[in-house]
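Trainee: Fit chain B to the supplied structure of chain A, relying on the hints for placement.
There are 2 protein chains.
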Amino acid sequence: MLVETVRPIILTGDRTTGPLHLGHYAGSLRNRVALQRTHRQFVLLADAQALTDNIDDPEKVRSNVLEVALDYLAVGIDPDETTICVQSALPALAELAQLYLNFVSVARLERNPTIKDEIQMRGFERDIPAGFLCYPVAQAADITAFKATVVPVGLDQAPMIEQTNEIVRRINRQVGRELLVVAKALIPSTGRLPGADGKTKMSKSQGNAISLSASPNEIRAFVNRMYTDPNHLRASDPGVVEGNVVFAYLDAFDTDHASVDELKARYRRGGLGDVTVKRRLEDVLQELLKPIRERRQAVSNDLGYVLDVLRSGTSRARAITQSTFDELRDGLGLFSLAGTR
Amino acid sequence: MLVETVRPIILTGDRTTGPLHLGHYAGSLRNRVALQRTHRQFVLLADAQALTDNIDDPEKVRSNVLEVALDYLAVGIDPDETTICVQSALPALAELAQLYLNFVSVARLERNPTIKDEIQMRGFERDIPAGFLCYPVAQAADITAFKATVVPVGLDQAPMIEQTNEIVRRINRQVGRELLVVAKALIPSTGRLPGADGKTKMSKSQGNAISLSASPNEIRAFVNRMYTDPNHLRASDPGVVEGNVVFAYLDAFDTDHASVDELKARYRRGGLGDVTVKRRLEDVLQELLKPIRERRQAVSNDLGYVLDVLRSGTSRARAITQSTFDELRDGLGLFSLAGTR
Numbered sequence: 001m002l003v004e005t006v007r008p009i010i011l012t013g014d015r016t017t018g019p020l021h022l023g024h025y026a027g028s029l030r031n032r033v034a035l036q037r038t039h040r041q042f043v044l045l046a047d048a049q050a051l052t053d054n055i056d057d058p059e060k061v062r063s064n065v066l067e068v069a070l071d072y073l074a075v076g077i078d079p080d081e082t083t084i085c086v087q088s089a090l091p092a093l094a095e096l097a098q099l100y101l102n103f104v105s106v107a108r109l110e111r112n113p114t115i116k117d118e119i120q121m122r123g124f125e126r127d128i129p130a131g132f133l134c135y136p137v138a139q140a141a142d143i144t145a146f147k148a149t150v151v152p153v154g155l156d157q158a159p160m161i162e163q164t165n166e167i168v169r170r171i172n173r174q175v176g177r178e179l180l181v182v183a184k185a186l187i188p189s190t191g192r193l194p195g196a197d198g199k200t201k202m203s204k205s206q207g208n209a210i211s212l213s214a215s216p217n218e219i220r221a222f223v224n225r226m227y228t229d230p231n232h233l234r235a236s237d238p239g240v241v242e243g244n245v246v247f248a249y250l251d252a253f254d255t256d257h258a259s260v261d262e263l264k265a266r267y268r269r270g271g272l273g274d275v276t277v278k279r280r281l282e283d284v285l286q287e288l289l290k291p292i293r294e295r296r297q298a299v300s301n302d303l304g305y306v307l308d309v310l311r312s313g314t315s316r317a318r319a320i321t322q323s324t325f326d327e328l329r330d331g332l333g334l335f336s337l338a339g340t341r
Numbered sequence: 001m002l003v004e005t006v007r008p009i010i011l012t013g014d015r016t017t018g019p020l021h022l023g024h025y026a027g028s029l030r031n032r033v034a035l036q037r038t039h040r041q042f043v044l045l046a047d048a049q050a051l052t053d054n055i056d057d058p059e060k061v062r063s064n065v066l067e068v069a070l071d072y073l074a075v076g077i078d079p080d081e082t083t084i085c086v087q088s089a090l091p092a093l094a095e096l097a098q099l100y101l102n103f104v105s106v107a108r109l110e111r112n113p114t115i116k117d118e119i120q121m122r123g124f125e126r127d128i129p130a131g132f133l134c135y136p137v138a139q140a141a142d143i144t145a146f147k148a149t150v151v152p153v154g155l156d157q158a159p160m161i162e163q164t165n166e167i168v169r170r171i172n173r174q175v176g177r178e179l180l181v182v183a184k185a186l187i188p189s190t191g192r193l194p195g196a197d198g199k200t201k202m203s204k205s206q207g208n209a210i211s212l213s214a215s216p217n218e219i220r221a222f223v224n225r226m227y228t229d230p231n232h233l234r235a236s237d238p239g240v241v242e243g244n245v246v247f248a249y250l251d252a253f254d255t256d257h258a259s260v261d262e263l264k265a266r267y268r269r270g271g272l273g274d275v276t277v278k279r280r281l282e283d284v285l286q287e288l289l290k291p292i293r294e295r296r297q298a299v300s301n302d303l304g305y306v307l308d309v310l311r312s313g314t315s316r317a318r319a320i321t322q323s324t325f326d327e328l329r330d331g332l333g334l335f336s337l338a339g340t341r
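Chains as they are written, first to last, in the working numbering: chain A, 1 to 341; chain B, 1 to 341.
Here chain A stands alone, though its shape is the one from the complex (with noise of 0.2 Å):
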C-alpha cells in the first residue's frame, strides 16, 4: 500500500475508433508498458469521447473497446500493474463533467485551439456537436476523477491540460483546498511517426498505417512502399535521409542506434540501396510485432479472460471515481443524500 500511495498517478487512453496501429505504439503504448512499472498507471478505453464525433456509427465505437482492448493486452500492458477501464460504465465522469460545465464559460470552450484545430479538420462548422465542444471539459472530468498528475499527450493536446487545471485551479479556489490535483502533460520527447507516404502521420483512414495485428507479408508491403528519397536512383547515388520514411521508422524502432547512425552516414555517402534499409526496416518490424501478433491472437481466442480484466479494471475505476465525486460534492457543499446509492 506505501510503494501504491508514492507512485505518481497517470491517466491516459484512447478514443474506441479503430484497433491500433505502430503509430500508437512508438507514441503511447511503448511507453505505457514501461511507465505501470513506476506508475500507478489507468487506461481508459474512452467510448463515450468517442461518441462526440461518432454518434451516427455507435457500432464502430462498440466494437472497438474489445479491439483496442486487445491491443492493451498484446502490447504488455498487464492488467496487474494497470487499470484497463471502459469509460461509459464510469458514471461519475458524466457527473463530474455535467459538474464541471457550470465553471467553463462557452466562449472558453470555443478559444481553445484543439477544438478550433478539430473542428475545422471534421468540417463541423457550425454543426458542431454540443458533445463535442464540451468534450474538453469530459476530458477534465476523466483526469481530475483519477487525480491524475501525469497525462501523456500529444504536443497538440496540451491546451486540454490547460483546460483541466483551469477548472481545477477555480473549483480549489472555491472549495478552499486543494481537492482536485493539478496535472502535468507528459509529452513524448519522439515526434510523431510519419505514414507510409511521408507526408502525413499515420492514419488507417488513409491507408497509411500498419496495424499491430499486421500478418509477415503486411508488415513487408508496408515498408515496401515507404516512402524514401525520390532522388536516390541508385545506389551509388547519395541520398538524402531527412524526410526519408525508412529512417524515420529505424530511428523509432531499431535499438542499435550506433548502427543505424553508420547506416544513414553510408546512405548519405551514396553506396547504400533502398532495397538493403527497408530489408533492414522489415527484420526490425517482423521481429518486433511477431509476438504482439501472437499475444493478440492468444487472447482474442478468449475473450472471457479479457472481460474479466476489463470489469474488474472498470470496477476499480468506478470505485475511485466515484469516491473523488463523493468528495468533491462534500467539498463544494452540494446535497447529499447519504444511504441511497
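Incorrect hints may have been included.
To be verified - Estimated spans, in silico, between C-beta atoms of each pair:
1) B:Glu218 with A:Glu178: 44 to 52 Å
2) A:Gly176 with B:Gly191: 56 to 64 Å
3) B:Arg111 with A:Pro291: 49 to 57 Å
4) A:Lys116 with B:Ala298: 25 to 33 Å
5) A:Gln174 with B:Arg111: 43 to 51 Å
6) B:Arg220 with A:Arg111: 54 to 62 Å
7) A:Arg316 with B:Ala319: 21 to 29 Å
8) A:Arg192 with B:Ile187: 27 to 35 Å
9) B:Arg177 with A:Ser63: 19 to 27 Å
10) B:Glu218 with A:Val175: 54 to 62 Å
Keep in mind the hints are simulated off the structure, nothing from the lab. This structure is a prediction, so every number in the text was calculated from the model and none was measured. No residue lacks a Cβ here, since even glycine has one placed at the ideal position from N, Cα and C.
Mentor: Just chain B now, kept in the frame of chain A:
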C-alpha cells in the same frame, strides 16, 4: 399494477433556489396535488439544474432542497402518490445528458428562445456557463428518463419541450423504434399571478411574493400593500378591476366565483371600498395558507421523515432512470459491461 401502467406519466419539478411561494402554489403546486390522483407523477428537486446559474452559491442550492421538499409535503403532494426525488442523486440523468449532447448542435442550443431570453435576463452575455447553455439537453434527459408524456410548463418554457422532442425523434429514428417517448407540454390555463405591485410576476427577490409559510401578520401586510386602482379614491367611486391585483388574487383563490363576479360588478359601479375587498381576500388567503403553514411546521419538526421520503422516492427514480439509460444504451448498440454495475 394495471392502473399504474395506464396512468399517463408526468414529470415536473423545481429548481431548488428558494422556498416556494403563493405564485408557485397557484401556477403548479395545486395542480400537482390534483394530478397525482390521475397520473403517475414524478417531481424532481432540480438541484443540478439550479447549479447551472448558481455555481458561486452552492449553499443556497443545497439548503433549498429540503425547503422545497417541505413545501411539497405542506401543500399536500403525497409521497404515496407522487415520487419526489433529488436530481443530483440520479447519475443516469447525467449519463443521458452527456449522450444527448452528441445529438444537438451548438447552433441549435444558441437558437433556443428560452435560453436567449434567460441569458439576457441574467446578464451572462458572452460569459454564459457551458452548463447553462446545455441545460435544455439536461432537461431532455430528465423528461425522457422518466418516459414522461406530460410536462407542465409555463408558456415561456414550451421551447424546452420542443428541444426534448427533437432529441427523442432523432434518437428513435436511429434506434429504429419508439424507444423514447414524445412529451406534451401542459400549459396552465391561468396566467401567472402578479406580484403585490401588479407590475411583475411574483418573485421573492423583488419583495413581491409571499411564502407558503407566511405568518397571519405577513399575509395581512401582503394583502394591504397590494396595488388596486389608483383612481379609486373613495368607496363610492367606480373602480377598475383589470390590472387590480386584489381581484387577480380573488380570481385565483376564491372558490366562490359567482360571489367574486358580483363583487367585481359592485366595484365597477362604485360603492365598494378597497378595504372591504382586501379583507375578503385576506380571509381567503388566511384560510388557504393556515393548514399549509401548520403542515409545513409539523413536517419540518420531523426531518427524518422528510429524508425518508426523499430517499425512497430517489431510490425508485434511480431504478427507472437507470433502466431507461440501459435500454437506450442497448438500443443504440453502445458498449455494455454487463455485471459490473
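Trainee: Using the Cβ atoms, figure out if Arg192 of chain A sits within 27 to 35 Å of Ile187 of chain B.
Mentor: 56 Å Cβ-Cβ, so the 27 to 35 Å window is violated.
Trainee: So does Gly176 of chain A sit 56 to 64 Å from Gly191 of chain B, Cβ to Cβ?
Mentor: With Cβ atoms ~45 Å apart, the hint is violated.
Trainee: Starting from the hint 19 to 27 Å, judge whether the C-beta atoms of Arg177 of chain B and Ser63 of chain A obey it.
Mentor: Once the Cβ atoms are compared, 22 Å apart, the range 19 to 27 Å for Ser63 of chain A and Arg177 of chain B holds.
Trainee: If you check the beta carbons of Arg220 of chain B and Arg111 of chain A, does the distance land in 54 to 62 Å?
Mentor: holds, 55 Å
Trainee: Is the gap between the beta carbons of Lys116 of chain A and Ala298 of chain B within 25 to 33 Å?
Mentor: violated, 58 Å
Trainee: For the hint 43 to 51 Å, verify it against the beta carbon of Gln174 of chain A and that of Arg111 of chain B.
Mentor: violated, 32 Å
Trainee: Kindly confirm whether 21 to 29 Å is satisfied by the beta carbon distance between Arg316 of chain A and Ala319 of chain B.
Mentor: Roughly 25 Å apart at Cβ, these two residues keep to the hinted range, so it holds.
Trainee: With 49 to 57 Å as the target window, see if Arg111 of chain B and Pro291 of chain A comply at their CB atoms.
Mentor: holds, 55 Å
Trainee: Using the beta carbons of Glu218 of chain B and Glu178 of chain A, state whether their distance is inside 44 to 52 Å or not.
Mentor: Roughly 46 Å apart at Cβ, these two residues keep to the hinted range, so it holds.
Trainee: Taking 54 to 62 Å as the stated bounds, is the beta-carbon spacing between Glu218 of chain B and Val175 of chain A within them?
Mentor: violated, 37 Å
The structure is inconsistent with the numbered hints 2, 4, 5, 8, 10, although it conforms to all the rest.
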